[in-house]
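There are 2 protein chains.
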Amino acid sequence: MTPTPATAAMLAIGDELLSGRTKDRNIAHLAEVLTVAGIDLKEVRIVGDEPHIIADTLNTLRRSYDYVFTSGGIGPTHDDITADAVGAAFGLAVGEHPEALRRLAENYAARGMEFTEARRRMARTPEGADLIDNPVSVAPGFRLDNVFVMAGVPAVFQAMLGQVIETLPAGQAIGSTAFACPYGEGDIGDPLRLLAKEHPAVVIGSYPKFDGASYSTEIVIRSRDRAALDAAAEAVKTMLAELGRDHPAPAL
Amino acid sequence: MTPTPATAAMLAIGDELLSGRTKDRNIAHLAEVLTVAGIDLKEVRIVGDEPHIIADTLNTLRRSYDYVFTSGGIGPTHDDITADAVGAAFGLAVGEHPEALRRLAENYAARGMEFTEARRRMARTPEGADLIDNPVSVAPGFRLDNVFVMAGVPAVFQAMLGQVIETLPAGQAIGSTAFACPYGEGDIGDPLRLLAKEHPAVVIGSYPKFDGASYSTEIVIRSRDRAALDAAAEAVKTMLAELGRDHPAPAL
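Heads up: the protein sequence lines correspond to chains A and L, in order. Note that the working numbering has the first sequence beginning at 1400, numbered continuously upward. Note that the working numbering has the second sequence beginning at 1400, numbered continuously upward.
You may find that some hints are simply not true.
[To be verified] Sample of chain L residues lacking proximity to chain A, with all beta carbon distances greater than 12 Å (derived):
| hint | residue |
| --- | --- |
| 1 | H1428 |
| 2 | R1510 |
| 3 | P1581 |
| 4 | L1594 |
| 5 | A1595 |
| 6 | A1600 |
| 7 | D1629 |
| 8 | E1641 |
[What the hints assert, rightly or not] List of simulated lysine-lysine pairs, BS3-like, C-alpha gap at most 30 Å:
| hint | chain 1 | residue 1 | chain 2 | residue 2 |
| --- | --- | --- | --- | --- |
| 9 | A | K1596 | L | K1422 |
| 10 | A | K1422 | L | K1441 |
| 11 | A | K1636 | L | K1636 |
| 12 | L | K1608 | A | K1636 |
| 13 | L | K1608 | L | K1441 |
| 14 | A | K1608 | A | K1422 |
| 15 | L | K1596 | L | K1636 |
| 16 | A | K1441 | L | K1441 |
FYI, nobody ran anything at the bench for these hints, they're computed from the structure. Every value quoted in this text rests on a predicted model; they were computed, and no experiment measured them. Note that the Cβ used here is the ideal one computed from N, Cα and C, for glycine as well.
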């Protein structure tokens, strides 16, 4: 028996993601990191800079999944309201975290820059939060219970996540094997459906690719059970060989 | 008075988005198109290929927003379960849509390809659905009430959305003005917060850019009220000029 993996959700925060001004780059990165760590990302939500919506959404997610990762809204400007929204979600007061304040003050002093009121905002966390280091630009994220609050700037998000992930118990990583298939999903759909029924311990995905003229497909099989994965891989190879006899590969 | 704009949510469907295998490209596109159309995208959710979760999420979203746009899960393979999940959400039977079946049969006949059982799956819609044309690869999407069910392949999603958006009443488009600001958010946070308070009809966003060494910021102001937008733009220009006196631009 493979143990049940831990589950996770992501909450990406920011009006700019919903207006199309900024293309999110953190969701796919988190998805990849969690997959390697053996943690199942079950759901992602993107919401705007509205404190009550952030708090309500966070409460739903943190009660539904083992871990919640947030991105965005922890900078120094008026639209950076994530710390307050997280505090509201947990019913905790938000104030300046002494260690965060120390790091920020030291950083700006070393750089000869004024430690403005705006910059002090980046030291604010809900009571009892543990800091997440920011090796890129100092201003920390924080952890509260099962919620990890991180920056939206991708370089910072990635650096923070890299530290966080090492603190979480590693699950049994999912193994996967990919097959390039020169046929469209319409050709492989029927045999693939049978194959999926015969290999219930394996998740079989098929991803159409369209080059503007014709479809091909990438077939990906995934499982935490190595033997089941190997058996399904053999079955896919057999299926593709049989399809090859029925459908000669298109001439170039 | 500017009328209240219509609201929208997106539901992106697919295990591949949550595993990191596929990077979503439809969310940002939808966000841009809706912004131009004057419809407010309020929330995005990404869920996996689990019928009950898709149905429950869709029911939440379609009751909360004026429009819901879905992507993914309408192809011919076993993991394409969106039509069934949408049917379950609405409590409607799912069957072959005659016009969809006709288009698909005609297409495969014209191309000398077998109209397999898998391909017939792409004709399935909940009862009473209206088709959304697919000029790229024929297999249609569909509309049911305020829900628009579209493909996950970006070229197809974009083609379907292009048609759908023309059928919706255009809102008052949001006007926006962007300002490149050579200072980090820490420098502009304080004056920008004051400015935001003085211009409540304008949404003011600040988006940090980090080039690996230092931060700059893009300030974006948005409003459906042209006069309010112009007034805020003048205020931002004044603020930047004053910042320029305090903080000479960094030497190159």
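Each hint tested on the structure:
no. : hint               : in the structure
1   : H1428              : violated, 8 Å
2   : R1510              : violated, 10 Å
3   : P1581              : holds, 14 Å
4   : L1594              : violated, 9 Å
5   : A1595              : violated, 5 Å
6   : A1600              : holds, 15 Å
7   : D1629              : holds, 20 Å
8   : E1641              : holds, 14 Å
9   : K1596/A to K1422/L : holds, 27 Å
10  : K1422/A to K1441/L : holds, 15 Å
11  : K1636/A to K1636/L : violated, 63 Å
12  : K1608/L to K1636/A : violated, 47 Å
13  : K1608/L to K1441/L : holds, 24 Å
14  : K1608/A to K1422/A : holds, 22 Å
15  : K1596/L to K1636/L : holds, 16 Å
16  : K1441/A to K1441/L : holds, 21 Å
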